[in-house]
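Chains as they are written, first to last, in the working numbering: chain A, 1 to 250; chain B, 1 to 250.
Think of the hints as simulated: they come from the structure by calculation, not from any bench.
It is possible that part of the hints are untrue.
One copy or two, it doesn't matter: identical chains are merged, so the pair holds either way.
The list that follows gives simulated cross-link-like pairs (lysine-lysine, DSSO-like), each with its CA atoms no further than 30 Å apart [stated by the list, open to error]:
| no. | residue 1 | residue 2 |
| --- | --- | --- |
| 1 | Lys63 | Lys32 |
| 2 | Lys135 | Lys22 |
| 3 | Lys32 | Lys22 |
| 4 | Lys135 | Lys211 |
Protein chains: 2
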Amino acid sequence: MTTQPTAAILLIGDELLSGRTKDANLSCLALKLGSIGIEIKEARVVPDEEDEIAAAVNGLHVKCDYVFTTGGIGPTHDDITADSIAKAFGVSIGIREDARAILEAHYPTGELNCSRLRMARIPEGAELILNPVSKAPGFRLENVYVLPGIPLLVEVMVDGLLERLQGGAVALTHSIAAFVPESHVAPGLEAIQNDLPQVRIGSYPFLRDGKAGANLVCRSTDEAALDAAAARIRALIASLGAKVEAEERT
Amino acid sequence: MTTQPTAAILLIGDELLSGRTKDANLSCLALKLGSIGIEIKEARVVPDEEDEIAAAVNGLHVKCDYVFTTGGIGPTHDDITADSIAKAFGVSIGIREDARAILEAHYPTGELNCSRLRMARIPEGAELILNPVSKAPGFRLENVYVLPGIPLLVEVMVDGLLERLQGGAVALTHSIAAFVPESHVAPGLEAIQNDLPQVRIGSYPFLRDGKAGANLVCRSTDEAALDAAAARIRALIASLGAKVEAEERT
Numbered sequence: 001m002t003t004q005p006t007a008a009i010l011l012i013g014d015e016l017l018s019g020r021t022k023d024a025n026l027s028c029l030a031l032k033l034g035s036i037g038i039e040i041k042e043a044r045v046v047p048d049e050e051d052e053i054a055a056a057v058n059g060l061h062v063k064c065d066y067v068f069t070t071g072g073i074g075p076t077h078d079d080i081t082a083d084s085i086a087k088a089f090g091v092s093i094g095i096r097e098d099a100r101a102i103l104e105a106h107y108p109t110g111e112l113n114c115s116r117l118r119m120a121r122i123p124e125g126a127e128l129i130l131n132p133v134s135k136a137p138g139f140r141l142e143n144v145y146v147l148p149g150i151p152l153l154v155e156v157m158v159d160g161l162l163e164r165l166q167g168g169a170v171a172l173t174h175s176i177a178a179f180v181p182e183s184h185v186a187p188g189l190e191a192i193q194n195d196l197p198q199v200r201i202g203s204y205p206f207l208r209d210g211k212a213g214a215n216l217v218c219r220s221t222d223e224a225a226l227d228a229a230a231a232r233i234r235a236l237i238a239s240l241g242a243k244v245e246a247e248e249r250t
Numbered sequence: 001m002t003t004q005p006t007a008a009i010l011l012i013g014d015e016l017l018s019g020r021t022k023d024a025n026l027s028c029l030a031l032k033l034g035s036i037g038i039e040i041k042e043a044r045v046v047p048d049e050e051d052e053i054a055a056a057v058n059g060l061h062v063k064c065d066y067v068f069t070t071g072g073i074g075p076t077h078d079d080i081t082a083d084s085i086a087k088a089f090g091v092s093i094g095i096r097e098d099a100r101a102i103l104e105a106h107y108p109t110g111e112l113n114c115s116r117l118r119m120a121r122i123p124e125g126a127e128l129i130l131n132p133v134s135k136a137p138g139f140r141l142e143n144v145y146v147l148p149g150i151p152l153l154v155e156v157m158v159d160g161l162l163e164r165l166q167g168g169a170v171a172l173t174h175s176i177a178a179f180v181p182e183s184h185v186a187p188g189l190e191a192i193q194n195d196l197p198q199v200r201i202g203s204y205p206f207l208r209d210g211k212a213g214a215n216l217v218c219r220s221t222d223e224a225a226l227d228a229a230a231a232r233i234r235a236l237i238a239s240l241g242a243k244v245e246a247e248e249r250t
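Looking at chain A on its own, in the form it has when it is part of the complex:
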């Protein structure tokens, strides 16, 4: 199988763990990074606590080629991501002049108050990640990319990063939906999986209009193997007397 660089996503924020806010960033990052062949190996959600953030960063940045964090780089007291990253790497943190200059150019004269200046605090040795919308930058320290929590900003900032990242072979996904109970399709599906180890095959059940069905999802960087898996799944569905309800390759 062609190798792919790996990434971990670290979602930071009490509001995600209280259930108050549903995360929208994991899926966005996974699709965008996936489009250049970076595979997400793990995601974590941690509270706004320095030790928890630092411990997660320390664990993930050695495990994966890239780590992307979201949340906690705004102007309020609960925005502690930059300090936590500095702590994780054992480096100092302070106001960076290039980050301050970006904020000074953005706000009307006299409006760069102490709270906003907090957003220019960058760990030593980090590189800024530009924010074309609200200007307050993210940063990269070693293989850790630190982004804000607002989904619109994550989307544009990761778009800006994509050409600087080392991607890999892009995995394609082929989904086939049919009204077949998972348990009927299971033995045949397992045989296909065993014959085609370079394809990852998943089965996701659904209930629609009272009828049980499954989305059979194949994912691989090997397009010929993906075609072969899809063909065999179509034949499997037909052999069970059912028909393909929907099919999609992305």
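Since the structure of chain A is already known, use the hints to place chain B on it.
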């Protein structure tokens, strides 16, 4: 501050990490567990890989009072959660007669095929968690509660569990929204946070009709302190010449 038992959520499934599916279970579990005073300390998303699942379970079950997993207990080859949990705890796994009996009673005679029987494979020493909808049970092994991935099933199965879990003091949330830029409210908000350490205060910016605002969210098990924080935030907003746009306690 009153102590609360802690929980970790482990979401299992390739489809969450590929970005194809957005998780709906973390928020549901957080709200339901929060309602009996169990605090979520961390969530992780891992792929359908035995070593990854086992490693995450091993890390989380010593860190938190409870672990809840979702996903990977269906009838297909990619459903490997039960085996991974058995591996994590170093116990054997096989068909359990009480689980088989539940499935036998549910399916028409002759329809409990090998794939469905896979759902009766339960690690040694585990206790079944009943599934009133589609019958295939989850299980508890030590402090790890293993649930399916389908949100409807997670919801009813955790409802059935709540009275068996040891809860704690329930944290209430008080949210106040106003059209104040975060940076204007930040110094006052930090002072309130410093004066009331038993309340966790978060600030979540939004942009509506082109105007910057913030949701100021207080969370505490101490209702008097929560009232005090809310009163001070209302006064802070008024002192900035703004008004409260929305206010909610849950």
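Hint by hint, here is what the structure shows:
| no. | hint | in the structure |
| --- | --- | --- |
| 1 | Lys63 - Lys32 | within (20 Å within a copy, 32 Å between copies) |
| 2 | Lys135 - Lys22 | both (25 Å within a copy, 28 Å between copies) |
| 3 | Lys32 - Lys22 | both (19 Å within a copy, 15 Å between copies) |
| 4 | Lys135 - Lys211 | between (50 Å within a copy, 17 Å between copies) |
The earlier numbered hints are all upheld by this structure, with none contradicted.
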